[in-house]
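Colleague: These are the residues of each chain, in order.
2 protein chains.
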Amino acid sequence: MPPSQKALVPFVSVENMMRLVHAIGIETMLAELTDAIEADFVRWALFDKTPRVASHSRDGVIELMPTSDGETYSFKYVNGHPKNMGSGLQTVTAFGLLADVSTGYPVLITEMTLLTALRTAATSAMAARHLAPRDARVLALIGNGAQAEFQALAMKAVNGIDTVRLYDIDPRATEKTRRNLKNSGLRLIVCRSAEEAVEGADIITTCTADKQRATILSDNMVGAGVHINAIGGDCPGKTELHPDVLLRADTFVEYPPQTRVEGEIQQMPADYPVTELWKVIAGEAPGRREAGQITLFDSVGFAVEDFSALAYVRARLKDTGLCAMLDMIADPDDPRDLFGMLQRAQ
Amino acid sequence: MPPSQKALVPFVSVENMMRLVHAIGIETMLAELTDAIEADFVRWALFDKTPRVASHSRDGVIELMPTSDGETYSFKYVNGHPKNMGSGLQTVTAFGLLADVSTGYPVLITEMTLLTALRTAATSAMAARHLAPRDARVLALIGNGAQAEFQALAMKAVNGIDTVRLYDIDPRATEKTRRNLKNSGLRLIVCRSAEEAVEGADIITTCTADKQRATILSDNMVGAGVHINAIGGDCPGKTELHPDVLLRADTFVEYPPQTRVEGEIQQMPADYPVTELWKVIAGEAPGRREAGQITLFDSVGFAVEDFSALAYVRARLKDTGLCAMLDMIADPDDPRDLFGMLQRAQ
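Protein chains in written order, with my numbering: chain A, 1 to 346; chain B, 1 to 346.
Don't take each hint at face value.
Given that identical chains are not distinguished, each listed pair holds provided it fits within a single copy or across any two copies.
Using 16 angstroms as the maximum straight-line C-alpha spacing, the simulated EDC-like pairs for lysine to aspartate or glutamate come out as follows [unchecked claim]:
id, residue 1, residue 2
1, 318, 27
2, 83, 334
3, 83, 69
4, 49, 69
In short, the hints are calculated from the structure, not lab data.
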């Protein structure tokens with residue numbers, strides 16, 4: 001007997017996620033994701049918020065990131081293992097789930113390695129929309145790993161960036177990024193140092209991967225009026241900015257209890273002032289106030305962004321056929337008769 | 001191009017889990033699961049322990065239950081929605097995952113609705129092996145829902161129970177349980193009240209489902225020397241025993257910080273004495289000390305039990321072919337070239 005419809009959960013494989021991205025168009029998808037995340041940041045207060053649940057080990061971290069808006073529940077499983085790259089594995093892999101709060105039944109399971117790269121780029125673009133200098137055109141992209149092209153294309157699609165200055169300690173990473181973006185319409189400038197990369201940049205995005213305290217940006221590299229997206233510092237002991245940069249910048253964060261532990265501001269005292277990004281987006285706090293101001297989005301990634309991305313995929317998936325149905329939920333005819341179902345399967 | 005092996009995660013569907021149970025034999029599997037959980041309780045100190053992460057709503061709860069022994073990580077997604085039964089859905093559904101701590105890559109995803117019923121029964125049997133009176137033969141099973149038959153068979157396979165006295169407020173549930181167990185070799189006695197069910201019982205198992213304070217067992221129903229497995233009280237505001245029972249019993253729990261919030265002992269002051277069950281199993285604390293003692297296993301279900309069950313399934317799955325391979329992990333040839341993989345898929 002085939003499993004009933006209630007037993008089946010739509011599953012989006014990596015293959016199908018790639019098909020979905022191409023069906024929509026990557027820049028369109030990044031722009032739509034930016035709007036989807038922004039819409040959920042406006043209703044921030046509705047979400048059940050909790051810092052991610054992390055399991056740390058010598059080589060990395062495995063995290064669960066749950067949230068709910070009262071109608072739909074989501075969580076993401078995500079790891080971060082910097083050494084994986086050395087053995088040909090992804091540093092970050094992820095999958096996620098949406099469930100119906102009223103029944104607890106899963107309604108979507110999807111790969112999220114790609115989707116996380118997309119939503120992280122969309123979140124950067126959303127922050128830049130409210131914090132970057134007007135008429136920003138030049139992006140410095142320091143760290144040219146797995147996230148780099150997504151970050152560049154989101155800034156192009158959403159923020160009007162037309163030039164990207166690339167730097168990575170490994171020139172092969174920069175070359176990979178340049179090659180991948182050569183037909184994107186972006187002007188690409190390969191730089192030999194971080195100092196060179198930030199020259200003339202309106203927006204600086206740092207997305208390096210080492211699990212350690214690093215100084216990707218020192219104070220003298222950050223000019224007046226710049227907006228910084230700090231993506232790579234996202235767990236305890238992992239930062240990218242010199243603390244002096246934080247002293248000059250106005251800092252915006254997703255969820256302070258999480259960012260104070262995981263973000264760049266882990267280097268600062270507990271009373272270091274921050275503004276919650278959702279307040280800027282909802283019009284409850286100012287974003288960029290003046291041209292000379294240095295703004296910093298200390299991004300660590302928050303569960304609400306995954307919620308938005310999952311809900312977006314679920315909506316966009318309709319009628320595409322780009323999912324398989326997993327027989328994941330035991331569904332006996334009489335819900336109390338789980339054992340009878342098992343017995344009859346013999 | 002087909003996804004590489006690294007991209008694939010073995011997935012055990014409900015259908016395949018049922019096949020695995022029948023291939024092993026349900027009583028054999030319950031006995032082996034009991035031993036597997038017991039072996040992990042002995043090395044309890046190794047596990048990364050945290051109370052489950054619960055998202056409560058009006059109709060129920062969705063929980064994530066992670067743990068790790070330093071080499072392998074596991075989590076379970078599980079819901080509890082008592083009203084689901086009314087709409088033909090399961091009160092409790094679950095799925096789980098194992099991952100490699102050193103890389104963060106998932107190595108198993110499986111349905112856990114059936115597996116949770118099996119591991120919960122095995123955990124009861126493990127507790128009874130250390131706490132029930134010697135030569136216990138008679139089990140009173142109050143609450144004859146989805147868990148009932150699993151509980152009865154584990155007590156038969158592991159603890160030598162030969163008689164089960166059944167009671168549920170809904171006689172159809174009892175009839176279902178009687179019918180399912182009629183060829184099990186157990187002597188089955190249908191009772192018209194909880195009072196009748198506990199007559200002459202050596203072990204009393206309560207597994208009712210209402211999300212509320214209930215008094216399934218009052219003080220006068222519990223005779224000297226009895227062992228009680230309280231399964232159904234497992235979230236805040238949901239209990240099955242009158243507090244007077246707790247005053248007479250010696251109470252054993254899985255993980256005190258979780259049980260004090262979710263278990264029967266949520267009715268008692270914070271200093272109500274409990275013994276951690278793992279200490280009994282590891283020989284660090286006494287279990288049953290005397291014939292007249294009332295012992296209570298205030299079971300709420302803990303992540304280590306799911307870990308044991310998942311690891312058992314993974315080991316038993318080998319060479320059975322009872323899984324599908326999910327293309328869940330994005331696996332570009334160059335780990336930094338996630339975008340290139342996406343681009344080439346076009």
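Colleague: For each hint, tell me whether it holds in the structure or not.
Modeller: Hints versus structure:
{"no.": "1", "hint": "318 / 27", "verdict": "neither (20 angstroms within a copy, 43 angstroms between copies)"}
{"no.": "2", "hint": "83 / 334", "verdict": "between (49 angstroms within a copy, 14 angstroms between copies)"}
{"no.": "3", "hint": "83 / 69", "verdict": "neither (35 angstroms within a copy, 20 angstroms between copies)"}
{"no.": "4", "hint": "49 / 69", "verdict": "within (9 angstroms within a copy, 27 angstroms between copies)"}
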